[in-house]
Amino acid sequence: SSTSTTQSSTSQNASDGFKSNIMFCGSTSLYPIMSSLASSFTDTNATWDKVDSSFPKDNVSIYVAPGGSGVGVSALKDGTCDYGMVARTLSDSEKQTLGDYTEYQVAKDALTVSVNAQNPLCDIVDNLDTDTIRAIFDGDLTTWNQVDPSLPDQKIQVYIRDLSGGAYEVFQKTIMGDKEVTSSATQSASMTELATNIANNPWAIGYAGYGAYTKANKSGAVLHAFKVNGVEPTVDTIKDGSYTIQRPVMFVGKGTPTDSEQAFINYVFSQKGYDVVEANGYIPAFTPGTVETSK
Amino acid sequence: MALNAQHRKRLSEHADTVCSLAIRLIVAASCVIVLLVFVYIAYEAFPFFQAVSLSDFLGGTKWMPIDFGNGTSYGIANFIGATLMTSGLAVAFALLIAIGAALFLSCSASTRLRQMIYPFIDMLAGVPSVIFGFIGLVVVVTFFINKGIAQSGCVLAASLVLAVMILPFLVTSMSESIVKVKKQCLPASQALGVDRWYAVAHSILPLSLKFFIPSIVMAFGRAMGETMAVLMIIGNANVAPTLLGKGESIASLIALEMGGAVRGSMQYHALFAAGFILMVLIFVIDIAMSRLLKKMQK
Amino acid sequence: MALNAQHRKRLSEHADTVCSLAIRLIVAASCVIVLLVFVYIAYEAFPFFQAVSLSDFLGGTKWMPIDFGNGTSYGIANFIGATLMTSGLAVAFALLIAIGAALFLSCSASTRLRQMIYPFIDMLAGVPSVIFGFIGLVVVVTFFINKGIAQSGCVLAASLVLAVMILPFLVTSMSESIVKVKKQCLPASQALGVDRWYAVAHSILPLSLKFFIPSIVMAFGRAMGETMAVLMIIGNANVAPTLLGKGESIASLIALEMGGAVRGSMQYHALFAAGFILMVLIFVIDIAMSRLLKKMQK
Amino acid sequence: MEQQLIHPAALNIDDLSTYYHQQTALHHLSFEAPAHAITVIIGPSGCGKSTLLKTINRTIEDEEDTRWDGTVTLFGDDTKKMSKEEVHTKIGLVFQTPAPFPFSIYRNMTYALAYHGMHDKQQQCSIIEEKLRIVGLYDEVYDRLKESACALSGGQQQRLCIARALTVNPDVLMLDEPCSALDSKSTHAIERTLKSLSKTTTIVLVTHNIGQARRLADKVIYLSDGSIVEQGSAQQMFTQPRDPRTAEFIDDIGSAV
Amino acid sequence: MEQQLIHPAALNIDDLSTYYHQQTALHHLSFEAPAHAITVIIGPSGCGKSTLLKTINRTIEDEEDTRWDGTVTLFGDDTKKMSKEEVHTKIGLVFQTPAPFPFSIYRNMTYALAYHGMHDKQQQCSIIEEKLRIVGLYDEVYDRLKESACALSGGQQQRLCIARALTVNPDVLMLDEPCSALDSKSTHAIERTLKSLSKTTTIVLVTHNIGQARRLADKVIYLSDGSIVEQGSAQQMFTQPRDPRTAEFIDDIGSAV
Ligand SMILES: Nc1ncnc2c1ncn2[C@@H]1O[C@H](COP(=O)(O)OP(=O)(O)OP(=O)(O)O)[C@@H](O)[C@H]1O
Ligand SMILES: Nc1ncnc2c1ncn2[C@@H]1O[C@H](COP(=O)(O)OP(=O)(O)OP(=O)(O)O)[C@@H](O)[C@H]1O
Ligand SMILES: [Mg+2]
Ligand SMILES: [Mg+2]
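Protein chains in written order, with this note's numbering: chain A, 16 to 310; chain B, 63 to 360; chain C, 63 to 360; chain D, 22 to 278; chain E, 22 to 278.
Here chain A stands alone, though its shape is the one from the complex (with noise of 0.2 Å):
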């Protein structure tokens, strides 16, 4: 990983040429930072040469296409997009097929271990350890009098995200190990999603995600996280990686950028772009005004 200052970057690729179109596509989780980012960035700007005079009078045009994290790396390397936006860490054959890349990291994600606020066993324990949340999510216990024997005899009923996104492989490789998530938890198809159908069951448990959590916790406690090996999921723990359950958000782009698209991304890595990435409840990945890279 390396970083280097908004300044610094822009006069290294002042020579880049220009572009007036750029198109992200990809994972869900980012999107509605970049769409957000795209379209203040284009309002206050309108043109190009508003944001560089430098640059010429184009339409400032930024494109963001949800789509998937697959769809974000196979749409950059078709070339139907700039850049593909990730919410998980490449996989080595795709870092091969895609040679000359980098990677911008704008965000952390981390996954909560969370029930309905309803459930009695938030007042009894407030820590899971891996084995138990293993355990729970394979199909090894079933009811909840099974976790704890003063909890009423309810199924579990376990939530999930889908097999392909990232979520599901970071749960798989922090918690499940070689165990396979039992084939009766409900896939989700956000984390949004994930986390009103928990809100919506009592006895619910799912791995919503930090920023889902959060919000859905915002007008109220509907749901309940517990700590994780005695790690409460917080911003602090999630930044420094001490709260384990968590992936990378970013987009990743070949070669160098161009002028404008790096004063895009010098955008995203500004203030602003921090307090969006905050805003939907995520944690930022940088500090503002450092581009955070990794090729």
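Rather than coming from a laboratory, the hints here were simulated on the basis of the structure.
Given the structure is predicted, the values throughout are model-derived calculations rather than measurements.
Don't be surprised by glycine CBs; every beta carbon is placed ideally from N, CA and C.
Treat the hints with care, since some could be wrong.
Computed spacing ranges between beta-carbons, pair by pair [claimed, not checked]: (1) D:Asp35 to B:Lys245: 22 to 28 Å; (2) D:Asp141 to B:Ala84: 26 to 32 Å; (3) D:Asp164 to E:Phe96: 38 to 44 Å; (4) D:Phe96 to C:Lys209: 15 to 21 Å; (5) E:Asp264 to D:Arg88: 51 to 57 Å; (6) B:Lys245 to D:Arg88: 28 to 34 Å.
Chain A is already provided as a structure; the job is to place chains B, C, D and E with the ligands on it using the hints.
Coordinates of chains B, C, D and E with the ligands only, in the frame set by chain A:
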């Protein structure tokens, strides 16, 4: 056969009591269901309409439902434009093809061939919209970009894919209508010695037209409501829609943001308000089309 | 009037050349489009069918397309079951309501009232599926959980919402069919002095039946292909589907995983293979239904 | 207006007018159809005969943009005060254009029987045979009762519709040119049937065949251009018509065939 | 078979059979229709008259599950070798049941005219007036030419269809009971027209009105149960029929009216 005596009794005990009641119950049930959907949407949209003026909503072009420091604004003019443009184009394209295909099926193909082709059409109707979206993205948009026609997903690409999606419904219903009209009209035409295509152009098609309208209206509605496929292709940018530029339809707006909207927030209500406007749009188009139909019949 | 001379000339220069050609072109175009969709899906599915045996695919119940250490397996039996169950139930529910509503619209309501109700039905048809999904999730599923009917999203909830989604199409097309049959049959019935509901039960409905079948088949196809709404309600778990238990339809499988699947990976091909099977399913149901129709007519 | 009536009136039509859109098809008709007798309506094509029948049993109300005034009284009861369906059951009508259901011949014939609760197969068959024999159709179709009625020839369809109408026993039976597509043998058979039926039922018959009118009519109404030119007993109308137009119309036909 | 023919044959029917499903409707018919003459086909209801006409101009092929054998030769050309549409243009047919298009009367009348390239409004109007006058419809409808043809009475529709058929000039014009719903005045008008038309056109007429057959026929074919019982010149058939069945059929009608 002393039937007359039984008669009167039958009339009362029959039908207009039992059948009528059953049907009325079902109708009541379906009304409740339909109303439930409407009322739910209207109910969730209501707080928004209280907070934001209709003219700002319908006339504004800036959509920023979450305050990132520059305040919020809820203008859906561009989305309305993109929705109308995409679905209008899609219906136009689909009609062009559908009329030809329906004429072929109903007037050129034998009954046998027609019956053989229908299942394929239905198959197309059952392809999940996510696959259409994917094909649109990977084939159509890529083609457009490679040929330099457009720089990204665009309204035209979306309407082309949408046209393919509503095609099966249009072809089936239109060819069924034409077959019925043909049975009625073709013999008389033949007896007058005019050729088949003259009959098609001057009696069969004109008479089928009024049966097309309901199908077209419904296809229009479906096109306006279609979500997944359009979402993936149209480019989703809040700009004034142009043929080869990006746009964002109301349905994709809702699909994109509903997932992230906090329930009870103004954004959430605004999305339902947009859905409400979509319904109103469909309603208005519907009324306009049936007016048109009435005019045409005169 | 020396028309006979002009006659023969007309016949050759007319129609069977120009019109026929134009129509053939359009038909060719539509065939190409339809084929493109099929071929694309089949093409992307092909590598999968080469790698995995059909019996493992159709008969297996374990779906693990990504190797997280325990190997991969691609069984879609549960998904097929859930798809058929959900859409079958949805069509059954929708039919029950649709027949009643269509009868009301076509036989009880005046032409005027009918024309007034249609736009509302079309409106319902145009509600984006994401909104249906949302309502299903927030209203129906929550209701089921609160009442202890089900513990989570379930097949029944999905099919209920799906029924509402295909209802508009069924009601409109069925009531149009009934109106046409009624015009033909009711006078004769009246002349024989039978009451309205007897006529409906013994001549109008039986004669309308064969016009219903294409609509029903198409509704079935749509129900099987519907993505967004089902996805949000059905519970998405790879278990053997039961009425009040979870399930996962093929369309939701595809929608869930297509976004994340790496292009060219076996998972990607498997999803297209599942899409292909979905089309085959629709095709088979289609054929079966039209066979049924033919039997019924005899 | 009527003097020589032999029977009490079954149908009383008083000041009846029918309008299509703005156009008046029938102008203030008043007449009576005597019970247990055959009232024949004659008149040139387009004079309003079919419209009159359809107005009497109120099927006209199902056509778009039509309107009728006046009163029709059936055995003393105003038909406007009955339900439309009751009127239909009491006043049967055989249309000018035969309209068989696209079902089998058998089902066409049993359609009304089943409605009246006759589900016994044997009884049904015997009634069907009886009625089909009356119209001379039985020998032609006895071996294909299960085939579609639409596969019959024009004349066969017409006879089927008459036979079908005979399966119900309405108080008044109206027939609109029932023999228009028939050869003379079938025509005679049907005439005989109507004559004997008229002993128990009131019959209103529209025909453009003056010979038939002569043979059947107890009372004749001559309609022209939507108005009654002359009405009276058959004897009076055919032997000493009061209006020269009637004379001409009857005469014209007489010479034609 | 034919001896007393005055004109050369326009239509030559040889060994023609028609089948509905497995059932035979016409059995090996062979006859000629002389050019510029009226050939009248008579026979009881359901004997196959309409089927014969439909087979000759090949519209029967559009009905489901039908089949026909034999040859129909039109002025020496085998119709099976022509396109179906060419046969339709050369051999016109007026159906037994009137089938006006649900358009205006005007459009019904100009439908075929426009096809033949006659778009001039004035010319069209004069032809329409001429043809409608021939069938006696002009005075009844001149003020509502723009109204729907379906709003006409049964007899008016029948006359409209005849007039419409007269706007095209087919080589052979076949009419299936064209006067079945008409009063005698209209019938006479149409008979006069057919008679004069027969000077230039070959006419095949189906009728159940023996009087009409007598008045019009140059040649008569008596069909019964799908087979030809007897055929010959009108004079021979009506004065000295060879077959007793013919005698009975003709006689029966004579006495009927
Ligand atoms: N579509 C059909 N399918 C099967 N049989 C048919 C069909 N049309 C007619 N028929 C039968 O073929 C025979 C001849 O019918 P056709 O219509 O030619 O009689 P027709 O001589 O015109 O009688 P009519 O004077 O009553 O019109 C009849 O027995 C009839 O039942
Ligand atoms: N649906 C209609 N709309 C408008 N005018 C109509 C309609 N039906 C009939 N008419 C007109 O009303 C008049 C009477 O029609 P009707 O059918 O009663 O005549 P009819 O005496 O039965 O004639 P026919 O002997 O030819 O059957 C005619 O001038 C006809 O054109
Ligand atoms: Mg009439
Ligand atoms: Mg006939």
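Results of checking the hints against the structure:
| no. | hint | result |
| --- | --- | --- |
| 1 | D:Asp35 to B:Lys245: 22 to 28 Å | violated, 43 Å |
| 2 | D:Asp141 to B:Ala84: 26 to 32 Å | holds, 28 Å |
| 3 | D:Asp164 to E:Phe96: 38 to 44 Å | holds, 41 Å |
| 4 | D:Phe96 to C:Lys209: 15 to 21 Å | violated, 60 Å |
| 5 | E:Asp264 to D:Arg88: 51 to 57 Å | holds, 56 Å |
| 6 | B:Lys245 to D:Arg88: 28 to 34 Å | holds, 32 Å |
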